[in-house]
Amino acid sequence: MQLALWTYEGPPHVGAMRIATAMEGLHYVLHAPQGDTYADLLFTMIERLKKRPPVTYTTFQAKDLGADTAEIFRRAVQSAHDRFQPEAMLVGASCTAELIQDDPGGLAKALDLPIPVVPLELPAYQKKENWGAAETLYRLVRTLTGSQALAPGAERPARASGVRPSCNILGPTALGFRHRDDVREIVGLLETLGIDVLTVAPLGARPADIVSMPGADFNVMLYPEIAETTARWMKKAFGQPFTSNVPLGVGATIDFIEEVAGLAGVDATAVLESMPTRMPWYAKSVDSNYLTGKRVFIFADATHALAAARICRNELGFDVVGLGTFSREYARDVRAAAKEYDVEPLITEDYLEVEAAISEAQPELLLGTQMERHIAKRLGLACAVISAPTHVEDFPARYSPQMGFEGANVIFDTWVHPLMMGLEEHLLGMFREDFEFNDQAAPSHLGSHLKSDPDAARATDADVRGAEADSGGRHAGPATIVWLPEAEQELRKIPFFVRGKARRNTERFATDRGRDAIDIETLYDAKAHFGR
Amino acid sequence: MTLREPATSRCEAHSGPLTVPVAKSDAPPLIRESGQREVFCGLTGIVWLHRKIQDAFFLVVGSRTCAHLLQSAAGVMIFAEPRFATAIIDERDLAGLADANAELDRLVTRLLRYRPDIKMLFLVGSCPSEVIKLDLSRAAARLSQEFAGKVRVLSYSGSGIETTFTQGEDACLASLVPLLPPEAPDSDCSLLVVGALADVVEDQFRRLFEELGIGPVHFLPPRSSTELPSVGPSTRYLLAQPFLSDTARALEERGATRIEGPFPLGVEGTTAWLKACADAFGVAPDRFRSVVAPKIARSRESLDRYRAELSGRSVFFFPDSQLEIPIARFLVREMGMKAVEVGTPYLHRFHMASDMALLPANTQYSEGQDVERQLDRCRAARPDITVCGLGLANPLEVEGLTTKWSIELLFTPIQGYEQASDLAELFARPMVRRTRLAA
Chain A
1 MQLALWTYEG
11 PPHVGAMRIA
21 TAMEGLHYVL
31 HAPQGDTYAD
41 LLFTMIERLK
51 KRPPVTYTTF
61 QAKDLGADTA
71 EIFRRAVQSA
81 HDRFQPEAML
91 VGASCTAELI
101 QDDPGGLAKA
111 LDLPIPVVPL
121 ELPAYQKKEN
131 WGAAETLYRL
141 VRTLTGSQAL
151 APGAERPARA
161 SGVRPSCNIL
171 GPTALGFRHR
181 DDVREIVGLL
191 ETLGIDVLTV
201 APLGARPADI
211 VSMPGADFNV
221 MLYPEIAETT
231 ARWMKKAFGQ
241 PFTSNVPLGV
251 GATIDFIEEV
261 AGLAGVDATA
271 VLESMPTRMP
281 WYAKSVDSNY
291 LTGKRVFIFA
301 DATHALAAAR
311 ICRNELGFDV
321 VGLGTFSREY
331 ARDVRAAAKE
341 YDVEPLITED
351 YLEVEAAISE
361 AQPELLLGTQ
371 MERHIAKRLG
381 LACAVISAPT
391 HVEDFPARYS
401 PQMGFEGANV
411 IFDTWVHPLM
421 MGLEEHLLGM
431 FREDFEFNDQ
441 AAPSHLGSHL
451 KSDPDAARAT
461 DADVRGAEAD
471 SGGRHAGPAT
481 IVWLPEAEQE
491 LRKIPFFVRG
501 KARRNTERFA
511 TDRGRDAIDI
521 ETLYDAKAHF
531 GR
Chain B
1001 MTLREPATSR
1011 CEAHSGPLTV
1021 PVAKSDAPPL
1031 IRESGQREVF
1041 CGLTGIVWLH
1051 RKIQDAFFLV
1061 VGSRTCAHLL
1071 QSAAGVMIFA
1081 EPRFATAIID
1091 ERDLAGLADA
1101 NAELDRLVTR
1111 LLRYRPDIKM
1121 LFLVGSCPSE
1131 VIKLDLSRAA
1141 ARLSQEFAGK
1151 VRVLSYSGSG
1161 IETTFTQGED
1171 ACLASLVPLL
1181 PPEAPDSDCS
1191 LLVVGALADV
1201 VEDQFRRLFE
1211 ELGIGPVHFL
1221 PPRSSTELPS
1231 VGPSTRYLLA
1241 QPFLSDTARA
1251 LEERGATRIE
1261 GPFPLGVEGT
1271 TAWLKACADA
1281 FGVAPDRFRS
1291 VVAPKIARSR
1301 ESLDRYRAEL
1311 SGRSVFFFPD
1321 SQLEIPIARF
1331 LVREMGMKAV
1341 EVGTPYLHRF
1351 HMASDMALLP
1361 ANTQYSEGQD
1371 VERQLDRCRA
1381 ARPDITVCGL
1391 GLANPLEVEG
1401 LTTKWSIELL
1411 FTPIQGYEQA
1421 SDLAELFARP
1431 MVRRTRLAA
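Chains as they are written, first to last, in my numbering: chain A, 1 to 532; chain B, 1001 to 1439.
Here chain A stands alone, though its shape is the one from the complex (with noise of 0.2 Å):
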């Protein structure tokens, strides 16, 4: 058993309606009692999506467990087809009906409809919602394009010459971050290039989309955590090889070119020129130069988390202190990641372990998910949010794509907008004292309502989470040490987003240095050793 505030994924049967309801003509049909309807609500009110998801439930209940559950699946599934007329199917189980064994495949089997059925087997006590998204993609690919698989041995033909290269786009669903407009932006990009895009799967594509797969040069892994297993088995399947760049910032965009147009086999020397983004210039820009050194903490899935932690050091300059993920399945990567920004990874999908590792790393920023932003909001600490779990605000009625070099605009504009404007930092440090101008106050762009002190949060954080010392690691200050008022006076004239490291920094030194008391001398002393 595994105690959960919140989480970070659903369940994998919330996966598989992701798959389904980004679609068209596909019906996903799911054994599942009373209350797992809720579901519907993520698409029709957090994604604003116009049509129910495409999902038949049979809702049984407990006086149905003594009779036949069975029998209840087998007329769900039946009056779905008869009402829906799909072109294609999902069966498969929530939690609950995983453990009456009704075998949802094999009952659907022998209504032998008149379309291709994918029975789903997710099992609920073991996997997580993005694991099920990609096993239905992949099942569903599977079942659909399974009969032109190459024969064993044999190789993919060649591009005819004069054909334009085309590819597919795998992995974007519905309720994803930013799917719908990285979408448009990945492919109008492919387009620029002189690719043909073949379908994008599984967003607004039909079955029938999904048949003519096999059909394109390569396939665009867009999403890993979803569209991986499915990249892999084409490749294997059809010959067809797949892209392993995720075109998150300036950077990875340019390697994403680079490697579709060596895939294509195209030429991509005048996009490259080109380059239609300000990111780099505005970066560069001298009003950018207090973003230096900003101390950024990143929690997300592992596509976005990795991609955001090579922006912020390669793109903005920031100091990455903190590296996680809630992605099992990519656990490694980060760690590699994280070795490499000479950070502890973060591996875990309990949100009271990422809230202690972020009051510890007293970042300026925080990139996360919606759990974060929560974090952020209790800390007051600035906050963007990058990544899955989302929330309706993060379904926007702008175009604001994360992908591309229009992506790279929106993330330059989101990411540096909450924290402090330059000057105003200057002037903060300037004038501690002023009464309506000082560092309870919130960046001024942003509303003048008062600001949490870090140092409060924290305090009140350690209470409530006495238990969790032992797996969160949170600090514990040197008992024996007293900080004279007059130093405690001048901690204060300290900017309020970096007096937490301050704090701790002059209490290691001091330490070290066997002082049991400190005043202003020790604080300075501890400054000019440690630099900012």
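Honestly, the hints are just simulated from the structure, not real lab data.
Mixed in with the good hints there might be a few duds.
Calculated lysine-lysine pairs in the DSSO-like style (CA-CA distance at most 30 Å, straight line) [unchecked claim]:
#, chain 1, residue 1, chain 2, residue 2
1, A, Lys377, B, Lys1119
2, B, Lys1338, A, Lys50
3, A, Lys377, B, Lys1052
4, B, Lys1052, B, Lys1275
5, B, Lys1133, A, Lys63
Given the structure of chain A, go ahead and fit chain B onto it with the hints provided.
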């Protein structure tokens, strides 16, 4: 062995409830359906109960789906440090139930260390815990002993195979009833108002009962788990919510007597609800009139503002909270609306008798749900406003139907005189909005 005494001499039964027209033999038309139900399970009640009882914590013993449901249902509405969590069952727990119990004890210990302010812990059963027959009542007894003097541990089921949406509150309150202390012998008649109400509504009712001279008055659930009201044969209980059949039964087993009446929605409902209570407590009719008359007048006036918008309009209820029938009664009788279909997940004829008696005899009710067929009926009827859950609202708006999310009716103070116009406004707003956007 003596039979239970009838109402004691200290607490005489007065003339009894307001006369309720007896349901006629020709029962109103009712559609009974089974099929896909587009409603939440009983776990959802935690979203408001954990705010109501401020020193209680709700630990769902369930799957990742349960955790995701709570977070999604709550996430649309609130996002604060919750007093609920999920103990997510994994495959190791399925392999051995003995271990599952040990695991549960470990998590509860960790949780109670993390939240030392908690005085009452509800272990909430879910579909998976029911199916694997994890006995949470035994776990609660075991843990209660372990944390004796610090935390009381209770259990109830909020599972979707057992409960629909608001039935979770019923199960929760019913689990509290055995803990209520017995009333002192020869107690005076006391009033127990049952069902979670917004604090502001509770305070208004408290003042009204005081003005009427009715008391002592207690509310269930209490705001703090340490303020449990006593119960016994001198207790008269008044349901403030229409979905509390198990709680009512449990209270009656403790000797309490129900005061029958419609539910306190709208001016008429609130007056009849209070009148039933006043009669049971022998309040003189003059006193009753003088207390409620100014409130009635003010409340009626506040409703006038919305009557032009609502009068003559049709309303269609998908089943959701079991508040559908009393709200339909308010909209039809006080706002002049027409009810096309009044759906309810369960029809509790006995508790609903007073409200149904006030609705036109030909009102079309439906119980249970086959959502696709009900959608067909709704589209055919094209009502002016459709009351439905969050999964259906936006898709119906796209089809040109104006909707009202039913969950808002549970998250907004709507009971009593001062809230009658707020209830009307909840229905007027989507229509006004549609008109504004069309202009």
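Hints versus structure:
1. A:Lys377 <-> B:Lys1119: Roughly 27 Å between the alpha carbons, so the hint for lysine 377 of chain A and lysine 1119 of chain B holds.
2. B:Lys1338 <-> A:Lys50: holds (28 Å)
3. A:Lys377 <-> B:Lys1052: holds (24 Å)
4. B:Lys1052 <-> B:Lys1275: Holds. Lysine 1052 of chain B to lysine 1275 of chain B sits at ~27 Å (cutoff 30 Å).
5. B:Lys1133 <-> A:Lys63: holds (15 Å)
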